[in-house]
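Peer 1: Following the hints, position chains B and C against chain A.
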Amino acid sequence: MNQEEKRIQEQRKAARKTAVILAVIAVGFFSWAVYIVVKHAT
Amino acid sequence: MSHDITHDGVADHHDHDHKPKGFVKRWLMTTNHKDIGTLYLIFAFAMFILGGAMAMIIRLELFQPGLQFVEPDFFNQMTTMHALIMVFGAVMPAFVGLANWMIPMMIGAPDMALPRMNNWSFWILPFAFALLSSTLFMEGGAPAGGWTMYPPLVLQGGHNVAYLVFAVHLMGISSIMGAINVIATIMNMRAPNVGYLNMPLFVWTWLITAFLLIAVMPVLAGAVTMLLTDRYFDTSFFNAAGGGDPVLFQHIFWFFGHPEVYIMILPAFGVVSEIIPTFARKPLFGYVSMVYATAAIAFLSFIVWAHHMFSVGMPLGAELYFMYATMMIAVPTGVKIFNWVATMWKGSMTFETPMLFSLAFVILFTIGGFSGVMMALAPVDLQYHDTYFIVAHFHYVLVTGAVFAIIAGVYYWIPKWSGHMYNERLGKIHFWWSTISVNVLFFPQHFLGLAGMPRRIPDYSTQFAEFNMWSSIGGFAFGLAQVFFIYIVWKTVRGGEKATGQVWEGAKGLEWTVPSPAPHHTFEDFGPVDLDKMAHGKTH
Amino acid sequence: MKKAQMKFMMLISGLLAATMASAEYGLNLRKGVTEYSEAAYGMHTFTLWICIVIGVIVFGAMIVSIFAHRKSKGVKAEQFSHSLKAEVVWTIIPILILVVIAIPATKALIKMENPTTDDGKPMKMDMTIKVTGYQWKWRYDYLDEGFGFLSTLAKESNLARQKGSGIDPSTVENYLLDVDKPLVLPANTNIRFLLTADDVIHAWWVPDFGWKRDAIPGYVNEAWTNIKTPGTYRGQCAELCGKDHGFMPIVVEVLSKEDYATWVAEQKGEQAEEAVLVETEWNKENLMARGEEVYNAQCAVCHQATGAGMPPAFPALAGSELVNGPAADQINLILNGKPGTAMQAFGNLLSETDIAAAITYTRNSFGNTAGDIVQPAEVKSMKQ
Chain A
1 MNQEEKRIQE QRKAARKTAV ILAVIAVGFF SWAVYIVVKH AT
Chain B
1 MSHDITHDGV ADHHDHDHKP KGFVKRWLMT TNHKDIGTLY LIFAFAMFIL
51 GGAMAMIIRL ELFQPGLQFV EPDFFNQMTT MHALIMVFGA VMPAFVGLAN
101 WMIPMMIGAP DMALPRMNNW SFWILPFAFA LLSSTLFMEG GAPAGGWTMY
151 PPLVLQGGHN VAYLVFAVHL MGISSIMGAI NVIATIMNMR APNVGYLNMP
201 LFVWTWLITA FLLIAVMPVL AGAVTMLLTD RYFDTSFFNA AGGGDPVLFQ
251 HIFWFFGHPE VYIMILPAFG VVSEIIPTFA RKPLFGYVSM VYATAAIAFL
301 SFIVWAHHMF SVGMPLGAEL YFMYATMMIA VPTGVKIFNW VATMWKGSMT
351 FETPMLFSLA FVILFTIGGF SGVMMALAPV DLQYHDTYFI VAHFHYVLVT
401 GAVFAIIAGV YYWIPKWSGH MYNERLGKIH FWWSTISVNV LFFPQHFLGL
451 AGMPRRIPDY STQFAEFNMW SSIGGFAFGL AQVFFIYIVW KTVRGGEKAT
501 GQVWEGAKGL EWTVPSPAPH HTFEDFGPVD LDKMAHGKTH
Chain C
1 MKKAQMKFMM LISGLLAATM ASAEYGLNLR KGVTEYSEAA YGMHTFTLWI
51 CIVIGVIVFG AMIVSIFAHR KSKGVKAEQF SHSLKAEVVW TIIPILILVV
101 IAIPATKALI KMENPTTDDG KPMKMDMTIK VTGYQWKWRY DYLDEGFGFL
151 STLAKESNLA RQKGSGIDPS TVENYLLDVD KPLVLPANTN IRFLLTADDV
201 IHAWWVPDFG WKRDAIPGYV NEAWTNIKTP GTYRGQCAEL CGKDHGFMPI
251 VVEVLSKEDY ATWVAEQKGE QAEEAVLVET EWNKENLMAR GEEVYNAQCA
301 VCHQATGAGM PPAFPALAGS ELVNGPAADQ INLILNGKPG TAMQAFGNLL
351 SETDIAAAIT YTRNSFGNTA GDIVQPAEVK SMKQ
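Protein chains in written order, with the UniProt record's numbering: chain A, 1 to 42; chain B, 1 to 540; chain C, 1 to 384.
A few of these clues could be false.
[Stated by the list, open to error] Straight line, CA to CA, 27 Å or less: simulated DSS-like cross-link-like pairs of lysine-lysine:
(1) B:533 with C:76
(2) B:428 with C:181
(3) C:228 with C:181
(4) C:73 with B:346
(5) C:257 with C:121
(6) B:25 with A:13
(7) A:13 with B:19
[Said to hold, decoys possible] Simulated restraints, written as ranges between beta carbons of each label pair:
(8) C:126 with B:136: 47 to 53 Å
(9) A:3 with B:197: 22 to 28 Å
(10) A:7 with C:88: 40 to 46 Å
(11) C:126 with B:46: 57 to 63 Å
Since the hints were derived computationally from the structure, they do not count as laboratory data.
Built from N, CA and C at the ideal position, the CB exists for glycine as well.
Just chain A, same shape as in the assembly:
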């Protein structure tokens, strides 16, 4: 594995990590919206 390919691998790994964090944030916003309404309704 040469230097370049190694860097690409690392970059892809970092990108996946970013994606997972963002997905968690998205789920968080979804839950927050539902929470607000449920709290208000009861």
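Peer 2: Leaving out everything else, chains B and C in the frame of chain A:
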């Protein structure tokens, strides 16, 4: 010498392009950002025509007072579907298409960060819109409660409610995945020597837009999920009789909805910020302040939602707050407009079609911005609200704003995509035809609104007849102009004058360092790029 | 290119001219007949002019640039790309302009939401009107007087607006802006409105009063007005509320205080007559005649004049099991409505006589053969 590395690296690949063979492998299973970008753009265009056809039905019925062509309920289905299709099917996917094509090439990345997810985000969309459009053929018809989906009205929609909700879920998932991909790409895939403040403004605006998407699409998903349970599982989240609150839906919806309108306009700012410097042959004025202004607009978009609801009866304090916060948006938006004008100032301008559309964008978007400031004033908004004045306002910012920017972007980059120059004469005809007709279409709607015509009505008092007729004539002409646009694009893709790699004399940016058409794979070596080729490479 | 520029210039100047002309030829916002509507009009005009001035400056600079700084004139592009001073200037100036606009806006909003008299005391309201939105009509209750009525689209407009009616709307007076029974209000009186809705969200809007306010089920919204000049003022529902959203106008007849008092007395007289009619035994002929009128005004909008309905949303009455079944079930449905559908609870909307008449009419029309008649007294007993 890094410039040569990039260029040669690309040239090597040019001859054996590695394009997958066969329709299924090339398009259905593609993970290539350029092919996916093309798919997004074609899909967006198809939806633009479908949503446009609905607009034609609306304008046809409104051509004269009295009901001539459709029943009121079908009219409401048309206004609802027109909005949903244009917002989620045309404008948003078109910008995602531009992002897919251009962002990797603009930052020196070989592809999007998550290519397989990229394929998935696109291929969800046809299913989402098939689901939504199928309601047109159901008993009881399509959703007719407005794209805002306010309960309790939307819940009267029979079983199209379920289709609507699931379609919105799918669109949401698609957008969120697309946005995640954009952020992951921009944060991780830039060529090693490209810093954040080297990035073209289009990339910046998309980065900020993607964050908005991730924040608000889930909120919309949550809201419509609760609509679904209210409809089918006897919950009462938004049902006053069961202890719920119909106004809360509006708060949640507009917490999504206001950032949503910036989702549709920030990338447009980006496109125009690329085009104006190219044809003024002068660097973008105030690059850093443009970035800050974009971020400021995005931030403000989260805290102004209730200006869509001045008439629901909020406490005085809330109304004052939302009025002040909304007025503040004029400041960063103004900064952008002044910067564009300063970019043109003392440049050496030429007026190819992309530039013409961009100049029209600056003027007509500003007119939309003016009516926006007027409506920010809560006491007067109690007059403007839900009239044709707002219809005129948001069509100025979305049609002569977002759509004009998309068209400008297509003319600007299509030589890079197809390898052919479009026909400049036809492009200019398209521009003048569109610009004149779109103003005949939407400008009189200001007057209609001020004179008291409510929006979303299939028939109107005879005093509104004249302007409605003008508006309809403009509408038909504008619709026809876009059919002409299909012809121009088709002709360009099929053949025409060969484009050079540079395409535009004054263009700066990495996308212009690769040949036209852009090879299937670009910047594969992942090495440093020549910052001198980037518009914001040296200073800052 | 020269031609293209000319067109561009003409377009821009045309847009501006059109904006300004609107102020003179009555295409502008209405000044209206209340202090509030005049304040809104003033603010609208003020802001419009500010926008026009800014537009002239910004578009002017653009146009100068478009003409002067072009390659075809051999201009070489300068390469300046930033100026902190310029950025600060065009951040601060808009903020100042916004502050100038915000001050009168704040004052007007406070006046609307927290009305006070000149000496700062809360304003005393002289009377209260409760406005209730229904699909697709308004109900007005005079809370101080103890009576109320429905207000629906006038018959002439309703006939003309049917698809393929063959009636030219321009031959109908006040097409779509006329009702069978207008809201009547006194001039120069502080009137409080309480707004709510029974089914979906509506919005009550008379442009001449200067505001609209949503009528929301489960909410009671407040607004107020004081109308300076007697006259007839027209408006419309301003929140999408279903298929006939465009067909539920608002008409307000404003009378002098004396005329208003006479009108109130008349209404009370009629109300007393109605009370007698409920106790009267009706014959079929009279019930059918009144029923047809009520049906066409209240029911035909959904169930159609032919009783064919518009399934699935609005079921047919012709051949309906309910209509041809026991009368008690039908009375029950009319009184209480069907939750989750557009079928309203008419118990508090119409008089017992009207309900009895409409039911009798449906049971003996459209080929329905129930044959029986329903007396107002029966409806009254089921209501209790």
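Peer 1: Does each hint hold? Answer for all of them.
Peer 2: Hints versus structure:
1. B:533 with C:76: holds (20 Å)
2. B:428 with C:181: Not satisfied, since the Cα-Cα distance of roughly 56 Å exceeds 27 Å.
3. C:228 with C:181: holds (22 Å)
4. C:73 with B:346: holds (12 Å)
5. C:257 with C:121: holds (24 Å)
6. B:25 with A:13: holds (26 Å)
7. A:13 with B:19: Given that 27 Å is the threshold and the Cα spacing comes to 26 Å, the pair holds.
8. C:126 with B:136: 47 to 53 Å: holds (52 Å)
9. A:3 with B:197: 22 to 28 Å: holds (27 Å)
10. A:7 with C:88: 40 to 46 Å: holds (42 Å)
11. C:126 with B:46: 57 to 63 Å: holds (60 Å)
Violated hints amount to a single one, hint 2; each of the other numbered hints is respected by the structure.
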